[in-house]
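Engineer: One-letter residues, chain by chain:
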Amino acid sequence: MPNFIMSFLDSKAAVTPGAAGNQFWALMYVLIIFAGVSVAVICMNWIERKALAHFQVRLGPMRVGPHGLLQPIADALKLMLKEDIIPAEADQFVFWVAPLIGLLAAFTVYTVIPFGPSQAVSDMNIGILFMLGVSSLGVLGIVVAGWASNSHYPLIGALRSSAQMVSYEVAMGLAVVSAILMTSLNTSGTGTLSMIGIVQAQQQQGIWFIFKFFPLGLIAFAIFAIAMVAEVNRAPFDLAEAESELTAGFHTEYSGLRWSLFMLAEYAAMIAVSSIAVTLWLGGWMRPFPNLLHAAAWDFIFSLFPGLTFGGLAAIALIGTARMPAHSFFKIQRAGLAVFAGLLGFIALLLLAIAVAGRSADASLAARFNEGIGYVYWFVLKVAVFMYLFIWYRATWPRYRFDQLMRVGWKVLLPISLGVLILTAVVGVIVS
Amino acid sequence: MNPAINSALNAGMAPVATPWFFYALAGLAVASGLAVITRRNAVHSALALIVTLLSVAGLYLMLYAPFVAGVQIIVYAGGIMVLFLFVIMLVNLERSAKDRQFNRIWPVGLAAACALLALFVSVIVKGRALLNDPMTGKALWPDPVKKLAESSNTQQIANMLYGEAGKIGEYTFAFEIASLLLLVAILGAVIMTKKKI
Numbered sequence: 001m002p003n004f005i006m007s008f009l010d011s012k013a014a015v016t017p018g019a020a021g022n023q024f025w026a027l028m029y030v031l032i033i034f035a036g037v038s039v040a041v042i043c044m045n046w047i048e049r050k051a052l053a054h055f056q057v058r059l060g061p062m063r064v065g066p067h068g069l070l071q072p073i074a075d076a077l078k079l080m081l082k083e084d085i086i087p088a089e090a091d092q093f094v095f096w097v098a099p100l101i102g103l104l105a106a107f108t109v110y111t112v113i114p115f116g117p118s119q120a121v122s123d124m125n126i127g128i129l130f131m132l133g134v135s136s137l138g139v140l141g142i143v144v145a146g147w148a149s150n151s152h153y154p155l156i157g158a159l160r161s162s163a164q165m166v167s168y169e170v171a172m173g174l175a176v177v178s179a180i181l182m183t184s185l186n187t188s189g190t191g192t193l194s195m196i197g198i199v200q201a202q203q204q205q206g207i208w209f210i211f212k213f214f215p216l217g218l219i220a221f222a223i224f225a226i227a228m229v230a231e232v233n234r235a236p237f238d239l240a241e242a243e244s245e246l247t248a249g250f251h252t253e254y255s256g257l258r259w260s261l262f263m264l265a266e267y268a269a270m271i272a273v274s275s276i277a278v279t280l281w282l283g284g285w286m287r288p289f290p291n292l293l294h295a296a297a298w299d300f301i302f303s304l305f306p307g308l309t310f311g312g313l314a315a316i317a318l319i320g321t322a323r324m325p326a327h328s329f330f331k332i333q334r335a336g337l338a339v340f341a342g343l344l345g346f347i348a349l350l351l352l353a354i355a356v357a358g359r360s361a362d363a364s365l366a367a368r369f370n371e372g373i374g375y376v377y378w379f380v381l382k383v384a385v386f387m388y389l390f391i392w393y394r395a396t397w398p399r400y401r402f403d404q405l406m407r408v409g410w411k412v413l414l415p416i417s418l419g420v421l422i423l424t425a426v427v428g429v430i431v432s
Numbered sequence: 001m002n003p004a005i006n007s008a009l010n011a012g013m014a015p016v017a018t019p020w021f022f023y024a025l026a027g028l029a030v031a032s033g034l035a036v037i038t039r040r041n042a043v044h045s046a047l048a049l050i051v052t053l054l055s056v057a058g059l060y061l062m063l064y065a066p067f068v069a070g071v072q073i074i075v076y077a078g079g080i081m082v083l084f085l086f087v088i089m090l091v092n093l094e095r096s097a098k099d100r101q102f103n104r105i106w107p108v109g110l111a112a113a114c115a116l117l118a119l120f121v122s123v124i125v126k127g128r129a130l131l132n133d134p135m136t137g138k139a140l141w142p143d144p145v146k147k148l149a150e151s152s153n154t155q156q157i158a159n160m161l162y163g164e165a166g167k168i169g170e171y172t173f174a175f176e177i178a179s180l181l182l183l184v185a186i187l188g189a190v191i192m193t194k195k196k197i
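Chains as they are written, first to last, in our numbering: chain A, 1 to 432; chain B, 1 to 197.
The reader is advised that the hints may include incorrect statements.
[Claimed, not checked] Calculated cross-link-like contacts (lysine-lysine; reagent style BS3-like; alpha-carbon spacing at most 25 Å):
#	chain 1	residue 1	chain 2	residue 2
1	A	K50	A	K78
2	B	K126	A	K411
3	A	K411	B	K195
4	A	K411	A	K50
5	A	K411	B	K194
[What the hints assert, rightly or not] Listed next, with one range per pair, are the computed distances between beta-carbon atoms:
#	chain 1	residue 1	chain 2	residue 2	range
6	A	L52	B	G163	40 to 48 Å
7	A	G312	B	R39	42 to 50 Å
8	B	R39	A	I316	53 to 61 Å
[Unchecked claim] Away from chain B, derived, C-beta distances all over 10 Å, residues of chain A:
#	residue
9	L27
10	W46
11	H54
12	G60
13	K82
14	I126
15	G146
16	W147
17	A163
18	P215
19	R323
20	S328
21	A335
22	F386
The hints are simulated quantities; they were obtained by calculation from the structure and are not laboratory data.
All C-beta atoms in this analysis are idealised placements derived from N, C-alpha and C, irrespective of residue type, glycine included.
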């Protein structure tokens with residue numbers, strides 16, 4: 001078995017475990033991604049509550065842990081211990097299976113998300129098609145949940161959700177196609193659907209597709225950025241769970257663990273669609289300006305960023321420790337926050353040490369670790385920007401009315417995305 | 001193609017797609033297909049149909065046709081079945097589930113299905129002998145090619161549909177006719193539902 005493990009680590013060729021046919025490492029990657037996404041959802045839960053609170057000049061959760069840091073864990077425990085009610089008139093089996101459909105669809109797409117040129121479970125030839133297809137299965141979970149509840153509000157929520165997702169998928173798909181067209185502008189003349197291939201195409205052409213054929217790439221990206229919010233049922237397109245109209249929409253009858261599965265699926269789907277946007281238009285795992293600032297010194301400076309980020313977080317936690325009120329009630333909280341700051345500082349030092357040890361571009365283990373950390377860091381950072389945007393939208397924009405939503409989808413986004421697609425093809429033919 | 005994949009293949013690494021997957025997927029497809037026609041509740045039938053479509057997509061994957069599998073998922077499981085459910089949920093199910101299922105033509109259906117099965121079996125059994133033409137080299141059942149075709153499946157389909165390097169593809173005409181047919185169907189649906197254009 002150790003031989004089996006080392007065979008992948010030692011290989012000089014950068015391939016995904018799926019392409020190398022290495023089942024052990026494919027499984028490890030799946031487990032790492034599953035754990036990582038779950039942790040990201042927990043963090044996102046805390047950040048969203050705090051950010052929303054600060055948008056509204058409130059404090060948000062403050063009681064459980066310093067600045068409510070342990071609130072998501074308390075929430076998760078509460079949801080697990082809560083009674084799981086299945087309404088008597090509900091369709092038992094379908095009610096039970098609906099959250100699982102959404103969860104499966106949300107997590108399956110992570111197999112092809114490229115965190116780096118070899119940092120993905122597998123590189124599929126049909127990568128982006130697979131992602132769009134499987135993420136479109138997520139709507140089945142919502143529709144079926146609304147129907148199985150055997151209640152009016154969930155049913156209306158489910159109907160709204162299915163109509164909305166089917167409508168916005170069209171504009172979204174056309175925007176994606178215009179990005180795929182851009183991948184074919186190379187010497188061989190054939191594009192690619194593979195997620196890793198799309199980023200490599202941006203690398204070869206030396207430009208992120210958001211800036212390609214300005215402003216065509218930007219418009220396609222904007223259409224995708226709007227449609228993806230509708231696709232994951234987030235504000236201002238959260239009509240499927242509009243609480244002022246439908247109490248909670250499709251998950252009104254759900255409680256406890258099953259309800260939390262819906263939440264997990266929603267946040268996992270948010271991260272997944274953000275990853276599509278990052279991969280297609282924002283250069284995926286590439287650091288900023290790899291073509292202009294390509295000297296070895298620049299490589300080293302950019303490889304310090306992950307360590308510095310964690311250092312900054314540690315500094316914030318330290319400031320929080322120092323500013324904690326000097327009352328004896330806060331003794332445990334202060335100690336806990338200090339330990340947290342120490343942990344973050346340790347991670348920062350570790351990352352900086354790897355960056356320093358791996359700065360030479362040879363094939364040593366440290367250099368390869370350094371490279372991999374850089375890829376994952378920049379990808380996650382870009383996705384994190386989108387995740388913050390989701391919170392920002394929710395805090396600032398009022399909800400659309402359903403007819404407005406349909407009008408925007410069919411009469412604004414669809415024609416624009418069709419036009420962008422045709423213009424991209426025309427400009428691409430002229431240029432090549 | 002990725003050189004690492006080639007070396008992995010040359011090293012004799014076994015493909016993941018083993019017969020076990022085929023029997024599991026085929027069994028799932030048949031079982032859920034039976035569920036589609038035996039459930040009284042239309043939503044249950046639709047859900048079973050989704051399982052059938054997904055397992056057929058898995059079978060396409062095993063045939064090294066990932067593009068077809070992806071399109072199967074995105075169009076049928078993700079698009080058409082959502083609209084199916086959308087319509088079914090608007091129908092009053094309680095009454096229709098209690099109603100006598102309204103057709104007595106199942107013997108005819110059974111006969112038709114058996115005829116289709118017989119056709120499939122006969123094509124599979126006799127096809128290789130009858131349709132292998134040594135003169136043109138064209139064959140309905142060409143010998144299995146031992147290569148990893150999935151890495152260029154999308155490009156191969158594009159070449160067949162649209163043609164490569166200035167030539168018209170083998171199926172360009174049929175493809176365009178089919179798309180025109182679909183366009184007519186869409187226009188017809190719009191005209192039939194809209195009172196005033």
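Engineer: It remains to establish, for every hint, whether it holds in the given structure.
Structural biologist: Structure-based check of all given hints:
no., hint, result
1, K50/A x K78/A, "holds, 19 Å"
2, K126/B x K411/A, "violated, 54 Å"
3, K411/A x K195/B, "holds, 20 Å"
4, K411/A x K50/A, "violated, 36 Å"
5, K411/A x K194/B, "holds, 17 Å"
6, L52/A x G163/B: 40 to 48 Å, "violated, 54 Å"
7, G312/A x R39/B: 42 to 50 Å, "violated, 57 Å"
8, R39/B x I316/A: 53 to 61 Å, "holds, 56 Å"
9, L27, "holds, 12 Å"
10, W46, "holds, 32 Å"
11, H54, "holds, 38 Å"
12, G60, "holds, 37 Å"
13, K82, "holds, 27 Å"
14, I126, "violated, 4 Å"
15, G146, "violated, 8 Å"
16, W147, "violated, 5 Å"
17, A163, "violated, 7 Å"
18, P215, "holds, 28 Å"
19, R323, "holds, 50 Å"
20, S328, "holds, 58 Å"
21, A335, "holds, 50 Å"
22, F386, "holds, 22 Å"
Hints 2, 4, 6, 7, 14, 15, 16, 17 from the earlier list are contradicted by this structure; the remaining hints agree with it.
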